[in-house]
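Enquirer: Residue numbers (the working numbering), protein chains in the order written: chain A, 1 to 336; chain B, 337 to 879.
Bear in mind the hints are in silico, worked out from the structure with no lab data behind them.
Just so it is clear, CB atoms sit at the ideal spot from N, CA and C, and this is done for glycine as well.
Honestly, I wouldn't trust all of these hints.
To be verified - Across the chosen pairs, the derived CB separations fall in these ranges:
#1 A:279 x B:346: 57 to 63 Å
#2 A:187 x B:632: 43 to 49 Å
#3 A:315 x B:391: 47 to 53 Å
Said to hold, decoys possible - Stretch by stretch, here's where chain B covers chain A in the computed footprint (C-beta under 8 Å, at least three residues):
#4 16 to 22
#5 25 to 37
#6 81 to 93
#7 250 to 256
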Amino acid sequence: MQEGTQRVKFYQTGTLTVGNRLLDVELRTVQATTDRSNAITSGHRACQGCGEALGARYALDAAMRASNGNMIAVNATGCLEVFSTPYPETSWTLPWLHSLFGNAAAVASGVAAALRTQGRHDIRVVAQGGDGGTTDIGFACLSGMFERNDDVLYICYDNQGYMNTGVQRSSATPPTARTATTPAIGGEPGNIFGTGKDVPRIAMAHEIPYVATASVADLHDLEAKVTKAMSMHGARYIHVFVPCPLGWGAPTNSTIRVARLASESALFPLFEAEHGEVIASSPIRKQVPVEDYLKTQNRFAHLFKPERDEERIAVLQQMADRNIKRYDLLREEVKA
Amino acid sequence: MSAQFASTLEVGTSLKNHTGSWRTERPVYVDRLPPCNNACPAGENTQGWLYQAEEGNYRAAWEEIMENNPFPAIMGRACYHPCESSCNRASLDSAVNIHAVERFLGDRAIEMKWSAKTPASKSGKRVLVVGAGPSGLSAAYHLARFGHDVTIVEAGPAIGGMMRFGIPAYRLPRNVIDAEVKRILDLGVKVRLNEKVEDIPAMMGSEGFDACFVAIGAHLAKRVNIPAPDAGRILDAIGLLRDLESEVPTAPQIGRRVIVYGGGNTALDVARSVKRLGQEAIIVYRRTREKMPAHDFEVQEALEEGVQFHWLRTVTHMTGESITVEKMALDKDGYPQPTGEFETIEGDALVLAVGQNVDTHVLDSIPGVEHDKDGVVKVNPSMMTGHPGVFAGGDMVPSERTITVAIGHGKKAARNIDAYLRGTEYVPSPKHALATAERLNTWYYSDADKQVQPMLDDLRRRNTFDEVVGGLDESNALFEARRCMSCGNCFECDNCFGVCPDNAVIKLGPGNRFQFNYDYCKGCGVCAAECPCGAIEMVAEEI
Chain A
1 MQEGTQRVKF YQTGTLTVGN RLLDVELRTV QATTDRSNAI TSGHRACQGC
51 GEALGARYAL DAAMRASNGN MIAVNATGCL EVFSTPYPET SWTLPWLHSL
101 FGNAAAVASG VAAALRTQGR HDIRVVAQGG DGGTTDIGFA CLSGMFERND
151 DVLYICYDNQ GYMNTGVQRS SATPPTARTA TTPAIGGEPG NIFGTGKDVP
201 RIAMAHEIPY VATASVADLH DLEAKVTKAM SMHGARYIHV FVPCPLGWGA
251 PTNSTIRVAR LASESALFPL FEAEHGEVIA SSPIRKQVPV EDYLKTQNRF
301 AHLFKPERDE ERIAVLQQMA DRNIKRYDLL REEVKA
Chain B
337 MSAQFASTLE VGTSLKNHTG SWRTERPVYV DRLPPCNNAC PAGENTQGWL
387 YQAEEGNYRA AWEEIMENNP FPAIMGRACY HPCESSCNRA SLDSAVNIHA
437 VERFLGDRAI EMKWSAKTPA SKSGKRVLVV GAGPSGLSAA YHLARFGHDV
487 TIVEAGPAIG GMMRFGIPAY RLPRNVIDAE VKRILDLGVK VRLNEKVEDI
537 PAMMGSEGFD ACFVAIGAHL AKRVNIPAPD AGRILDAIGL LRDLESEVPT
587 APQIGRRVIV YGGGNTALDV ARSVKRLGQE AIIVYRRTRE KMPAHDFEVQ
637 EALEEGVQFH WLRTVTHMTG ESITVEKMAL DKDGYPQPTG EFETIEGDAL
687 VLAVGQNVDT HVLDSIPGVE HDKDGVVKVN PSMMTGHPGV FAGGDMVPSE
737 RTITVAIGHG KKAARNIDAY LRGTEYVPSP KHALATAERL NTWYYSDADK
787 QVQPMLDDLR RRNTFDEVVG GLDESNALFE ARRCMSCGNC FECDNCFGVC
837 PDNAVIKLGP GNRFQFNYDY CKGCGVCAAE CPCGAIEMVA EEI
């Protein structure tokens, strides 16, 4: 299995930081440039340290660069829509459409069809939504968009729950996590095991041209995946891990650290697939046990107090171990 | 049909919403003192010159060193690099090989014949420097750059002091000393060799010197009383090393087996030198290897070259062809205590390497100059002795006795002498708070192994004075410079600019760093948490 993104070594911080004055300009990120489009600009009402606001700017700025700014975004209902467009303000600096919670994929399919009919082949369509609008409410429309191979890049910003309505469980909420609807009470506190959906793998099962996972903790990788997706046509899906400090009970400054630990513990693996086959994954750089990730968030606090819930921590570790095996995350990095 | 209201709005209208009002803490950019800079006795801006070297600006990097230290090539070899001992990178993988990069820059300067910056104007003041060792040369260099007329008077036959007479050529080749000294003389510094100063105030008066810096070092070997039938078989280390500095190093006529008594770097220098001259070298030291004041890499190199060690032994007396030693044992406080057990070690000569004292003769007659009990000269924080206008530094004042400390003294004294001559007072700029390891986010630093300097092969180390440790070439020196983590000071990695969810960081362009846009900064602190080098601090807002 090849590496997800080419790593440049030895230049003080390599490609791990946003920019790097010692790197060639073309190897730096879109976010390192002062002419990035800031697709979602300042003044939005996202909470302090919002991973979704950050993930959306990362992804859309890369897509704007890839499409030379010829792009329309369609948004599902959710935090991202609510905090960016309280009437009559908007934080968006690109053509942006919102219709309903569940129909972003269908609206985007329609926009793509309309553009095709008009012969506007130069304008690209991106649909985006949170995990609620994607994995639950908009799931049928999304599957239809995949099945028809409509020319849309769908980006899901996964913060593992319905956050702006008060932190309810979604089908992306991990087992054991406390939400308003999965309280930390009873014999199995928090969300139960055996539920939920792995939407990236479901997307792969549609054998669409491109599926990838990404994280706000790995900007170079995220931008590379968005850029690659934008170079392709047909239905494409990117699932971005975006921590929610408020909903997860984590300090506002820990957003990126939490995301990093999710991938370094293998609970959120980073990989790419084309036409239903995994073609690349990002190896773990400094492996951590899942509890290093779980301990950063109060939604998992009941796993550690009043006493450690060894059994369920072990099951979560097994989930991580299965990801390590499935995506070959602990292979020796290819030395340059 | 008229347009819907919402579609008439401009894009990005949320800019009217100043979310900065949510903030309870604000991020501020800070500069912190890197531990390497903090540890350098010569006061080098280590991180500053590594920053230049990282970009391949070797000339600028070298000039940054030269601001504080005129001997990059010498220091890159002879300094015991406290910078590396304090380097935060040690907690990640291993310390940056700072001295190897410094040596690379120093050697490149010699090769390219780069010269020191000359003063903008002359002051018309004259300064006498007594002693042409590292401290005196350093002072002369800085004083010359301040525009003063400097004359060095040296009692010995050559320039360099302990750099030449205390450090063997296999650690510091003589052409390196000559090249870096020449650069100082090219600034117009005059040197008078083989001239012993007897009366400083008189000389200042008769020759018109406005100030004097005395740095005559500590050359008097300490003695321990060891009964021996033939006192000629007992030598002192400094004298022996000095004798090796004749045109062709020759073995002192002291027999085949040489016993060196002491555990400091000087003892190692003697042992390794006589080994190279074909003699056997045996070090006797009263404590353990771990307790030796010598640096462990020197002990290791000596072992590799075949020097023998007898730890936990004191010398009691010497007979014809052997010495008698008493075995020692460390007590619970780590002090050696006699055991009453004795043994003999065969040897033809005993070299004492048990420390040096200052020859205070030249200062004794000066009114106001005071000494401590060891003979070292008392100086005030401006390095001035009790006699106005007479300053002192280097090994002769209380401090750690290393070349780097001496160079630092020279610089400090020069700054104070300059202020004294101008009738002002030198006030050092305030220091930033220390950039400690826990402030770093080391995730962002790429894995990068330390670049190792090549070593001369064993055979040549046993019988020649060729330099033991080789230098880095350009590619691995550049690599090594880039291992620097820039602790506590922004190196423009763009992380804050990228990771702000509110787009509230303004990038000011190369060399100009960043600025916060407090109209929109909500104070989440992600920038501070993700700053690799710890150059952002969160400060509570007044509410």
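Enquirer: Evaluate each hint against the coordinates.
Expert: Hint check:
{"no.": "1", "hint": "A:279 x B:346: 57 to 63 Å", "verdict": "violated, 42 Å"}
{"no.": "2", "hint": "A:187 x B:632: 43 to 49 Å", "verdict": "violated, 59 Å"}
{"no.": "3", "hint": "A:315 x B:391: 47 to 53 Å", "verdict": "holds, 50 Å"}
{"no.": "4", "hint": "16 to 22", "verdict": "holds (count 7)"}
{"no.": "5", "hint": "25 to 37", "verdict": "holds (count 5)"}
{"no.": "6", "hint": "81 to 93", "verdict": "holds (count 8)"}
{"no.": "7", "hint": "250 to 256", "verdict": "holds (count 6)"}
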